[in-house]
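Since chain A is already given, all that's left is putting chain B on it; use the hints.
2 protein chains.
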Amino acid sequence: MNFKDDGSLIVHSNNTLETKRSVFGVQPITADNQLYIRNNVTPPSESIVENPDAWEVSIEGVGKPRSVTVGDLKTMGVETVAMVLQCSGNGRAFFKHETSGTQWRTGAAGCVIWTGVPLRTVVENLGGVKGGAQFVTGTGGEKIPEGLNASDVIVERSVPLDVLDNILLAWDMNGAPIPLAHGGPLRMIVPGFTGVNNIKYVKRVAMTEAETDALIQRQRYRLAPLGKKGSPEYPSVWQMEVKSWITGPLEDSAAGMHQITGLAMGGINAVDNVEVSLDGGKTWEAAQFVGPDLGRYAWRPFVLSKKLAPGTYNIVSRATDTEGNQQPEVPEPNQSGYNYNGWGALGVDVKIS
Amino acid sequence: MNFKDDGSLIVHSNNTLETKRSVFGVQPITADNQLYIRNNVTPPSESIVENPDAWEVSIEGVGKPRSVTVGDLKTMGVETVAMVLQCSGNGRAFFKHETSGTQWRTGAAGCVIWTGVPLRTVVENLGGVKGGAQFVTGTGGEKIPEGLNASDVIVERSVPLDVLDNILLAWDMNGAPIPLAHGGPLRMIVPGFTGVNNIKYVKRVAMTEAETDALIQRQRYRLAPLGKKGSPEYPSVWQMEVKSWITGPLEDSAAGMHQITGLAMGGINAVDNVEVSLDGGKTWEAAQFVGPDLGRYAWRPFVLSKKLAPGTYNIVSRATDTEGNQQPEVPEPNQSGYNYNGWGALGVDVKIS
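Line by line, the protein sequences are chains A and B.
If you want my numbering, it's the position in the first sequence, counting the first as 1, plus 11.
If you want my numbering, it's the position in the second sequence, counting the first as 1, plus 11.
Same shape as in the complex, but just chain A (with noise of 0.2 Å):
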């Protein structure tokens, strides 16, 4: 991992890395060398990377079905993406009942940008979808340990096909080959999804009837309610919300002039608007955003300016997406602790003297 910035992360194993709040300011893009980590599986070997124009994949339930290198993916198109990629688990640490995963709080996060192919490129190079197909399932390249279940362990993820148009198969982030770390030599791109739903060194890529009835899909990353356990009763963990945090000041410091900052994202919407309160939710006010607008996946940097006399303030903010909803003061909890966006606990407590 030495091309992460030690200093600007929170290192929860070697597969789970959180970027601390402290980093992320104003910044519309967020830094490879600050950027979360978290895998589900072990990655493959770093070699995968080494030529990344190498690299194969299956594209499936077309008209002609056929592999195709990263090198071919290249001649048929290019699009490029501002996305917010966000672990389904983080803020898992906000909710108030107990769960087991990575008590992620608000850096299992990131706004990154993505190059690559359209998928619908490169399905109506094949053929195009063939008929009955509803879900697209991605499937990444992990090597299954050997006396386990694949489908207990491979990470196989079913996305419904009414997305199609807006994933990609990319091969750069942030300008660069995508690292393994983050699911070179080529990842699944599906905006405004949760992290899992992106898959990482995809091998396949399919036009599927139905989901896939790999564990991931089938019982986890599920909206149960407390003390069920997921199955496909329930929702999978597919959309983001809407969704802001504070991002400064985050120390007690000096009365006067300060500049409050933070993130808002809109997750599948864009981000419409955000608010920030002082005093835990009692007043609020509009708050303003920073730089340039990256789209509809991507987040905004906001600020409110403002004079703090001594004091103790909380400061929150709340967002709202275009499709009108608004982050909640708490979130319905589910089991095990996906899509915490709630403004309460994603405040601050700072003290001004």
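Read the hints as simulated data drawn from the structure, not as lab findings.
No experiment lies behind these values; they were computed from the predicted model shown.
Treat the hints loosely; a few may be bogus.
Note that identical chains are pooled: a pair holds if it fits in a single copy or bridges any two copies.
With a Cα cut of at most 25 Å, we get these calculated DSS-like pairs of lysine-lysine [as the list claims (entries may be wrong)]:
(1) LYS85 - LYS362
(2) LYS318 - LYS293
(3) LYS318 - LYS75
(4) LYS85 - LYS318
(5) LYS75 - LYS317
The following block gives chain B in isolation, referenced to the frame of chain A:
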């Protein structure tokens, strides 16, 4: 320079490093470790970026002139701009006449994100612009070597006061404190103006009635006709021009589908559209912009998807800005070789077989 990626750069000297054309691709943002470097004078000691918040800048020509630290500036306001940073001499190698100075081709340019406080906010905090001022004059923090006349060496530039509202006093580049090589701890950012006007390690910002008398303003960076020496009778090198160049394919390759890519910028204006020609400008086709629009001062990557039969191609691109200014085939020459933007020489020749 160990924070730079050697493989991405052409080293002209230790103060002049150029980004290779092959690394640009369709990147909306240029990574720090690939960004060109050009210093007029040896930079100050690295120690000045150890505690960026302590750096002081003197604000003059305002109602209440005083020195402020970067720490102070951070309490006053925050804004972010994506901007093409381009050396005045970028493309000098393409002029037909002999020029002294670095023979830059396409790579003394990058698109980066700056964060800082609007200079307007600082000026208003200090009592507003003093009557009679017509320029914003910034002074760099370089040490003047002993025995030299300060005004011959000092990096001090004046820009018209009417761009005051665009100027940032910036402390971050691409989300991290500005490295010394790029002007940290504080740089005066003048969006749409060539590199030299963006004063590094800025130690003084003054609203002045006249342009500075420094050699770098009076004689250097002037658009003098061929055979003439720079002087105040000729225009200063200030605003950038509309421009584009091809970033791929750069090498001979196989017949079939190709993604012809490039970058287009409007300079002081936004870029409106870009066309591509495969036959050296005889016939043109509209290219498509790729990825998010980062605003007026950013560049936009573009692509034309094309099936190429065996043959030899002179691939060129021609951008037009929102004011209707179009890249010329060959620009009017100027003695020192500034502001090259001719579409003819900026193209590439490739053989497809």
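Status of each hint after checking the structure:
Taking identical chains as interchangeable, the C-alpha atoms of LYS85 and LYS362 lie at most 25 Å apart only when they sit on different chains, with a minimum of 19 Å there against 53 Å within one chain. Taking the shortest alpha-carbon separations for LYS318 and LYS293, only the intra-copy value of 18 Å comes in at or below 25 Å, while the best inter-copy value is 61 Å. When the C-alpha separation of LYS318 and LYS75 is checked against a cutoff of 25 Å, the pair qualifies only between copies, where the shortest distance is 20 Å, while the shortest distance within a copy is 64 Å. For the homomeric pair LYS85 and LYS318, the shortest alpha-carbon distance between copies (13 Å) is at most 25 Å, but the shortest distance inside one copy (52 Å) is not.
When the C-alpha separation of LYS75 and LYS317 is checked against a cutoff of 25 Å, the pair qualifies only between copies, where the shortest distance is 22 Å, while the shortest distance within a copy is 60 Å.
In this structure, every one of the numbered hints holds.
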